[in-house]
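Generate coordinates for the entire structure from the input sequences, incorporating the hints supplied.
For the record, the sequence lines run as chains A and B. Just so we're aligned, residue 0 is where the first sequence starts under numbering that gives the first Met the number 0, counting upward by one. Just so we're aligned, residue 0 is where the second sequence starts under numbering that gives the first Met the number 0, counting upward by one.
What the hints contain is simulated information worked out from the structure, not anything from laboratory work. Glycine included, each C-beta is placed from N, C-alpha and C at the ideal position.
Estimated spans, in silico, between C-beta atoms of each pair: (1) A:G99 / B:S71: 23 to 29 Å; (2) A:E33 / B:N69: 55 to 61 Å; (3) B:Q56 / A:F205: 28 to 34 Å; (4) A:P113 / B:N69: 56 to 62 Å; (5) A:A139 / B:T75: 36 to 42 Å; (6) B:L44 / A:R249: 57 to 63 Å; (7) A:E33 / B:Q56: 46 to 52 Å; (8) B:G76 / A:E282: 40 to 46 Å.
Facing chain B, a subset of chain A residues (Cβ under 8 Å, in silico): (9) H69; (10) G71; (11) S89.
Here are some chain A residues the structure puts well away from chain B; computed CB gaps all over 10 Å: (12) P116; (13) S193; (14) Y210; (15) P256; (16) C285; (17) A305; (18) S340.
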Amino acid sequence: MATIRHVSAKDGDVLLLVGTMKGAFILRSGPARERWEIGGPYFRGQPIYALAYDGRADRRRIWAGSASEHWGATLASSDDFGRNWNTPESALIRFPEDAGASLKKIWQVQPGRPDEPDVLYAGVEPAALFESRDGGTTWALNRGLWEHAHRPKWEPGFGGLCLHTIIPDPVNRGRLLVAVSAGGVYRTDDGGRSWQARNAGVRAQFLPDKYPEFGQCVHKVVRHPSQPLRLFLQNHWGLYRSDDGGDSWRDIAKGVPSDFGFAMAIHPHDADVVYILPIESDEYRCTPEGKLRVYRTRDAGGSWEALAKGLPQKDALETVLRDAMDADAMNPAGIWFGTRSGKLYGSRDGGASWSLVLEGLPPVVCVKAAVVGEPRRARVAKRTKAVRKSAARRSAPKRAAGVRANRRVPAKRRVTAGRAKRRAATERTKPRARRRTGARAR
Amino acid sequence: MRVVFLIPGQLRAFTDGAGRVTVEVTPAGTAPPAAGEALAALWRLHPGVRDRLVTEQGQVRPHVNVFVGNESIRWTGGLATPVTQGAEVSIVPAVSGG
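Have a look at this one:
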C-alpha cells in the first residue's frame with residue numbers, strides 16, 4: 000500500500016490543491032515555487048472534483064468534496080494541511096427530503112466575500128447551490144434557485160447536470176453569479192431569493208435555437224475583484240466577455256485556435272489578463288495540433304497570444320478540464336494546470352515559461368492555488384544589500400526569478416478599479432521588471 | 000431479536016473500528032423485522048453509517064449491496080426484506096468503478 004505523506008506549511012508558503020480521479024494531493028512550496036513537497040493521496044480511490052482553501056478569519060482550512068461511487072459524496076475539511084480530515088457522521092451537504100433529490104457529486108466549494116468570513120458556497124450535482132453561514136458547520140439548499148421555473152428543463156452536460164462555478168460579487172452583497180452545465184449563467188441580486196438567467200449573446204451550438212434564454216453549456220466564468228461588472232466566460236463553443244455583470248455577452252474568440260475549451264483563470268493582479276486552454280472540439284476534446292498551449296489575453300479579450308515555452312509542442316494530446324487551472328496570488332503570478340493524463344504544469348512568471356511540476360498522477364480534475372496566511376503578513380525574505388549583490392552575481396535565470404518572487408508579497412486585498420489599473424500599468428512598464436524578463440528569456 | 004451486521008472496512012471509521020456489529024431489533028408485529036428496521040437500529044448505534052449507505056431519499060446507494068444471509072435484498076423486496084432469526088446482514092460495496 001502506498002504511503003500517505005503529509006506536508007507542513009507556514010505563512011507565505013504556496014499550496015497547490017490537486018484533485019484527481021483517485022484522490023487529492025496537497026503540494027507545498029516556499030514563495031519561490033521551485034521545489035514542491037507532496038502530501039497525499041487523500042480520499043484514496045475517490046474522484047475529488049472540488050477543493051478550496053479558506054484563509055479568512057485566521058483559518059488555514061482546506062475543503063475537499065469527495066465523490067465515492069459506493070458511499071456517496073462527502074464534504075470534508077482539514078485544518079492541518081491534510082494530516083487530519085473532519086468528516087462529520089451526518090453528511091454536511093444533503094438535499095432536504097422534500098427536494099426529492101440525492102447528492103451525486105460536489106463540484107465546487109467557494110469561500111464567500113472576505114468581509115463575510117463565515118459564508119461558504121458549494122455547487123453540486125444535481126445542479127444546486129448550497130450555502131453555509133457558520134464557516135461550514137451547517138449547510139442549506141438555496142431554495143430560490145432550486146425552485147426556479149427553468150430548472151426542470153436544464154439538461155446534463157457530458158459530466159452531469161452540475162453547478163460548477165460560483166462568483167460572489169465583491170461589492171454588492173446581494174449579488175451572486177452561478178454557472179450550470181447545461182443551464183447557463185444565473186444571477187441573483189437579492190441574496191439568493193430570486194435568480195435570473197444571464198445568457199444574452201451566449202451561443203448554444205447544440206440547440207436548434209442558438210441563442211436561447213437558458214440552456215447554454217457554460218464551462219467556466221472568471222472575474223477580477225477590482226472589476227465587479229466584467230466577466231469572462233469559456234463556453235461549450237464560444238469565448239465571451241460581459242461588461243455589465245452578465246446582462247449581455249460579446250464574443251472575444253479572435254486569435255485562438257479553437258473557441259472550445261474548459262479551463263479559464265484570471266491574473267490575480269491584472270484584471271485585463273485571462274488564461275485559457277483551447278481544446279480542439281467537443282468530439283475530440285484534445286489540444287489542437289498536438290500542441291499544449293495556454294492562451295493569454297493582456298487586453299481583456301481584444302487579442303490572444305499562445306504561451307508554449309516549456310510545454311510539449313508535438314504529439315501532446317492533452318485535455319484540461321474546467322477546474323484544472325488556477326493562478327496563485329504571488330508576484331509574479333504562478334499559473335498552474337493539470338491534465339487528464341495526470342501531468343501538472345506550472346509557470347512562475349505569469350505564463351512566459353512553463354515546466355512540468357509532477358507527472359504520473361491519476362487524471363487531474365481540479366487544481367487550486369493558494370497562499371498560506373494573510374498575504375500582508377506573509378514571511379518574505381528581506382532583500383538586503385548582500386542578497387542584491389549575490390543575486391546580481393548569479394547568472395542562473397531560475398535563481399533570479401526565485402529572488403524576485405521573494406521580493407513581493409501577494410496583493411489579495413480588494414482594490415478599487417482605478418487602483419488596480421494604475422498598479423497593473425506600473426507593473427507592465429516597470430524598467431526593472433522589463434530587464435529581468437529579458438534576462439530570463441535569454 | 001438480535002441481528003448481526005458485517006461492516007466493510009471503508010465504513011469501520013463510523014463503527015469504532017468494528018467489523019461485526021450486533022443490534023437489538025424489536026419488530027413492530029409478529030412478523031420478523033424488515034431489513035430497513037434492522038438498518039435503522041444499526042445507525043441509531045452508529046449514525047455515521049447511514050449517509051454512506053443510503054441516499055437522502057432513504058434508498059440504498061446504487062453501488063452498495065446489502066445481503067441478508069446470501070441473498071441480496073435488491074431481489075428480495077429491498078428494505079422490506081424480512082430478516083430471519085440468526086441471519087447475518089452483510090454490507091458490501093459492489094464490484095464497480097475503474
